[in-house]
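Colleague: Residue numbers (our numbering), protein chains in the order written: chain D, 1 to 272; chain H, 1 to 540; chain C, 1 to 187.
Just so you know, these hints were derived from the structure itself, not from any lab.
For every residue, glycine included, the Cβ atom is placed at its ideal position computed from N, Cα and C.
Some hints could be false.
Unchecked claim - Listed below are several chain D residues computed to face chain H (Cβ distance under 8 Å; list not exhaustive):
no. : residue
1   : Ala-17
2   : Val-18
3   : Thr-81
4   : Cys-106
5   : Ser-199
Unchecked claim - Okay, the calculated beta carbon distance ranges per label pair:
no. : chain 1 : residue 1 : chain 2 : residue 2 : range
6   : C       : Pro-75    : H       : Asp-529   : 44 to 54 Å
7   : H       : Ala-525   : D       : Pro-109   : 22 to 32 Å
8   : H       : Arg-150   : D       : Tyr-13    : 18 to 28 Å
9   : D       : Tyr-13    : H       : Ser-146   : 52 to 62 Å
10  : H       : Arg-153   : D       : Asp-50    : 25 to 35 Å
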Amino acid sequence: MSTRELFTFRNSYFSVAVGLAAGLFVLTAVAGFVVLPRLQPELKYADLWDAFCSAAGLPRRSVSSGEIPKSAHRSSEAVLTSMTLAHPSQESIGRGATLAQRCAICHGPTGISRADSPNLAGQYAAVIYKELLDFRSGARTNAVMSPFAANLSDREITDVAAYYSYLPRLPAFHPVEQHPKPRVVIYGAPMRGIAPCGSCHGSLDNKTGSPWLEGQSEAYLKAQLQAFASGQRTNDISQQMRNVARGLTPQEIDEAAAYYASQPPEIIKATD
Amino acid sequence: MLVNRKLILAHFWFAFAVFGLALCLGAWQMFVRSPLYTWISNPEWYYRSLTAHGTVMGYVFPTLVAMGFGYAITESALQQRLVGVRWAWAGFWLIVIGAIMAMVPVALGRASVLYTFYPPLIGSPFYYIGVVLVVVGSWIWVALMSVNLRVWRRAHPGEPVPLAMFANVAGSYLWAWTAVGAALELLLQIIPVALGLKTTIDAGLARVFFSWTLHAIVYFWLIPSYIAYYVIVPRAIGGRLYSDTMARLAFILFLVVAMPIGIHHTFADPEVGAGFKFIHSAFTALVAVPTLLTVFTICASVEIAARLRGGRGALGWIRALPWQNPIMLAVAFSFVMLGFGGAGGLINMSYQLDTTIHNTQWITGHFHLIFGGAIVIMYFAIAYDLWPHLTGRALPNLALVRTQLWLWFIGMIVTTFPWHWVGILGMPRRMAYYDYSNPAIAPEALSVSLSAVGALILLASGLLFLFILIRSHAQGATEAGAYRFSMPVHPVRSVPLALNSFAIWVALMIGLTVTNYGYPILTLATRHDTSVPAVYVGAH
Amino acid sequence: MTVQDDSHAAAVAERTEKRWATISVIVIVALVLLATFAGLHQATMPQGRVETIDPTRLHLAGEFVESNLGTATEPDGSVTVRAIGQQYSFTPACILVPAQTPIMLRATSADVIHGILIQGTNVNTMLVPGYVSEQFMRFEKTGEHLMPCQEFCSFGHEGMWGKVKVIDKAEFAARAKNGGRLSCVGE
Numbered sequence: 001m002s003t004r005e006l007f008t009f010r011n012s013y014f015s016v017a018v019g020l021a022a023g024l025f026v027l028t029a030v031a032g033f034v035v036l037p038r039l040q041p042e043l044k045y046a047d048l049w050d051a052f053c054s055a056a057g058l059p060r061r062s063v064s065s066g067e068i069p070k071s072a073h074r075s076s077e078a079v080l081t082s083m084t085l086a087h088p089s090q091e092s093i094g095r096g097a098t099l100a101q102r103c104a105i106c107h108g109p110t111g112i113s114r115a116d117s118p119n120l121a122g123q124y125a126a127v128i129y130k131e132l133l134d135f136r137s138g139a140r141t142n143a144v145m146s147p148f149a150a151n152l153s154d155r156e157i158t159d160v161a162a163y164y165s166y167l168p169r170l171p172a173f174h175p176v177e178q179h180p181k182p183r184v185v186i187y188g189a190p191m192r193g194i195a196p197c198g199s200c201h202g203s204l205d206n207k208t209g210s211p212w213l214e215g216q217s218e219a220y221l222k223a224q225l226q227a228f229a230s231g232q233r234t235n236d237i238s239q240q241m242r243n244v245a246r247g248l249t250p251q252e253i254d255e256a257a258a259y260y261a262s263q264p265p266e267i268i269k270a271t272d
Numbered sequence: 001m002l003v004n005r006k007l008i009l010a011h012f013w014f015a016f017a018v019f020g021l022a023l024c025l026g027a028w029q030m031f032v033r034s035p036l037y038t039w040i041s042n043p044e045w046y047y048r049s050l051t052a053h054g055t056v057m058g059y060v061f062p063t064l065v066a067m068g069f070g071y072a073i074t075e076s077a078l079q080q081r082l083v084g085v086r087w088a089w090a091g092f093w094l095i096v097i098g099a100i101m102a103m104v105p106v107a108l109g110r111a112s113v114l115y116t117f118y119p120p121l122i123g124s125p126f127y128y129i130g131v132v133l134v135v136v137g138s139w140i141w142v143a144l145m146s147v148n149l150r151v152w153r154r155a156h157p158g159e160p161v162p163l164a165m166f167a168n169v170a171g172s173y174l175w176a177w178t179a180v181g182a183a184l185e186l187l188l189q190i191i192p193v194a195l196g197l198k199t200t201i202d203a204g205l206a207r208v209f210f211s212w213t214l215h216a217i218v219y220f221w222l223i224p225s226y227i228a229y230y231v232i233v234p235r236a237i238g239g240r241l242y243s244d245t246m247a248r249l250a251f252i253l254f255l256v257v258a259m260p261i262g263i264h265h266t267f268a269d270p271e272v273g274a275g276f277k278f279i280h281s282a283f284t285a286l287v288a289v290p291t292l293l294t295v296f297t298i299c300a301s302v303e304i305a306a307r308l309r310g311g312r313g314a315l316g317w318i319r320a321l322p323w324q325n326p327i328m329l330a331v332a333f334s335f336v337m338l339g340f341g342g343a344g345g346l347i348n349m350s351y352q353l354d355t356t357i358h359n360t361q362w363i364t365g366h367f368h369l370i371f372g373g374a375i376v377i378m379y380f381a382i383a384y385d386l387w388p389h390l391t392g393r394a395l396p397n398l399a400l401v402r403t404q405l406w407l408w409f410i411g412m413i414v415t416t417f418p419w420h421w422v423g424i425l426g427m428p429r430r431m432a433y434y435d436y437s438n439p440a441i442a443p444e445a446l447s448v449s450l451s452a453v454g455a456l457i458l459l460a461s462g463l464l465f466l467f468i469l470i471r472s473h474a475q476g477a478t479e480a481g482a483y484r485f486s487m488p489v490h491p492v493r494s495v496p497l498a499l500n501s502f503a504i505w506v507a508l509m510i511g512l513t514v515t516n517y518g519y520p521i522l523t524l525a526t527r528h529d530t531s532v533p534a535v536y537v538g539a540h
Numbered sequence: 001m002t003v004q005d006d007s008h009a010a011a012v013a014e015r016t017e018k019r020w021a022t023i024s025v026i027v028i029v030a031l032v033l034l035a036t037f038a039g040l041h042q043a044t045m046p047q048g049r050v051e052t053i054d055p056t057r058l059h060l061a062g063e064f065v066e067s068n069l070g071t072a073t074e075p076d077g078s079v080t081v082r083a084i085g086q087q088y089s090f091t092p093a094c095i096l097v098p099a100q101t102p103i104m105l106r107a108t109s110a111d112v113i114h115g116i117l118i119q120g121t122n123v124n125t126m127l128v129p130g131y132v133s134e135q136f137m138r139f140e141k142t143g144e145h146l147m148p149c150q151e152f153c154s155f156g157h158e159g160m161w162g163k164v165k166v167i168d169k170a171e172f173a174a175r176a177k178n179g180g181r182l183s184c185v186g187e
């Protein structure tokens, strides 16, 4: 009984409330969908319908207009997500083990280098995958690596990455005396746009495609930071590493490289 | 008639215990990001603490206070035993389990995603499932409020529902519906990704869902305080409630308009059309109305009390108020903070003004002033008012109670006023570290230090509050009498059916949700090309 | 303490009631009028369109490829800034713009939610992955502004600060003559 008594326009509470709500909705909808778009000529709507749909928020695929300047260098074409090589198969790892024999001269039979090349044992798979893709495409160049990568197939790249990420993280071959943590590594330098290294490179969190650095060769780390800073190395997607390296002072580059070279790999977080 | 005292005390004690812990975290955060401290050397600790503070203060603490107070109201306003006591305990334990389940991964650093979730960032599934359990526990309470009201109605056909219960049920319905937004976000979007069943998520849609919850949740926090304004304050200071009808209208307005306005939280977002932002902006203005009604009704009620006590003159009556009474003190402080906070809120709701302060420290200052200040100080008042009735023991020392309230008020002002100011200077929020040595942000250093001092005052006050409650359990037994609510100036004999039931208002709330949220949600939910890869946070 | 329901109390209440009711109605009406006026008078609105984009492929093709990021002078003479936010930097990290010129900012995120806030201005927008954000800007005076990320974007959020450098209109025109995309990175 009460429902019928309530939901009728004879009930002044009902009629006033519904009237006010509907009235306000219609009023604001007309203002928001019709009047206000017309007051903004800079938005260049094609017609009333276009303006109406836009105000309603009908999503449209972004289309780029205008000419896009040619890049002076080749950029990375790798597409990385948190799922990239997240769960490699045993077969893939096995095939990678065979392929990796070619890499052992520089990167060491256990994935620990004795030649200032990166240690690959236990490196994130997405990192090795991306760098090999970039060496192959020419986004990153290196006298030794570029010819090696040139003939690798997509599957071979995946397999090598899966194999090395599967290897245990061994203590680095460059143990030196323990350094105190340099300021730039733990604080970053916010006002220069530098986040703490560990927020991408593993000790705090891993940004997909960023390697962990503990125990890597000091000379190698320093050379890469300098190459990013000077713009010689450009395969970091959308400048994510150049933005950081450019802001580092030469002294900070030295400190960060020396620090990471001296660290054991135990503090790195897993991604899976 | 308070029968299930243990149930009510359990809710309040768990609420205040987690409040105390989260308060410590909050004070620590204020301190470590201020110039008074050098650097914690690990930003993740800060975000971890921030996640715990927000989750506890936003989801667990106010929900338990609303529930405990709701049970107290049910028994004392309806004068009947609570129906469904076992269910009530089940709801309580769900919340306890949910809170622990959510806090363990947070404490381990596996869910430092902040209490607002922020997908595509994804943390441990236990965190989200814990939050869902908290919400489910509170939904049991919603159902119980409805059932108990129905039982009472059957025994009292046609009689006006006591105002306290009317407001309480309105608050529970508001919560039931507003929690649906975050629940949809968690159940349909985030948890499947956190469990690894899906790998992509629509971050824009998630923000729309969350906005559904994010604004009205504030009103859910607020409703126990508003109930206290209406039904505790006039009685406690020896006056009368000025208007019962006005009070009902205020709660009905909260129920209807608090929720379909949430898109004003996404003014600066790219995934919602400008037209809907405008509609929500206009509806947001409406929500000021029930607050104004309340402020004036309560001021009038307070004035009535003062004049009954012999107060004279245009403003002379203020001196005649019982300032020794903690409830008087609490409501005065609450109104001052509500006034400043409300003024700030008017700025946030206007698109043009919002752009200067969106996501700056202003916003954090704003909701701490409203929630931590105006609302929580009334939670204290509710606890002080109810405690003798729950424990059968008097509060140990009213001077101590007054000191605690003064400290909270001063602490909140000292914390939030500089906080607003650095927001205007453009200081972004949610950062673990600020380099105050940089000349561009050096001017913010003094204000941030002041805020940190305020936070320490708040911490002292919060601990004093817990101390008073604990001490009261050790006091000698006393007969507190029946727990009653204030009487209106004009006795309520009959109330129009519309103001004595919720059908119209719940229907209107859902209807406005459909008009204001339907299209923005459907248009994103039916697209596949807006989902982006999840970014898993920390090791997990 | 309770109060006796005597006639004195009722009379007092009646008077108070009327006064407060009048004040409250005046304030509510004034507020509504104020809001209406502000809404109609300043027709500044949020961005006009909802545009979607794939954040994982921004660097491959489309307007957010690396070589197109920065400040462009369009054929019609208008100025557009294109930028992306990513964990934990903006590209370009330093945005160069002319003073006293209407500028369109187009930006998006490559990974998680970020925000662009240019201190000392009312430029403030969210970057949500999957969507393109658009905002008009105009800078009256030359100078530098900080541009922090204003939304939590994981553990390096506190290190995500960019810059905006506003230079003289003529100077900007001179630098823009050679075409390409301008920024103040490395200056």
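Colleague: So, for every hint listed, does it hold in this structure?
Modeller: So, going through the hints one by one against the coordinates:
| no. | hint | verdict |
| --- | --- | --- |
| 1 | Ala-17 | holds, 6 Å |
| 2 | Val-18 | holds, 7 Å |
| 3 | Thr-81 | holds, 4 Å |
| 4 | Cys-106 | violated, 30 Å |
| 5 | Ser-199 | holds, 7 Å |
| 6 | Pro-75/C - Asp-529/H: 44 to 54 Å | violated, 30 Å |
| 7 | Ala-525/H - Pro-109/D: 22 to 32 Å | violated, 53 Å |
| 8 | Arg-150/H - Tyr-13/D: 18 to 28 Å | holds, 21 Å |
| 9 | Tyr-13/D - Ser-146/H: 52 to 62 Å | violated, 21 Å |
| 10 | Arg-153/H - Asp-50/D: 25 to 35 Å | violated, 53 Å |
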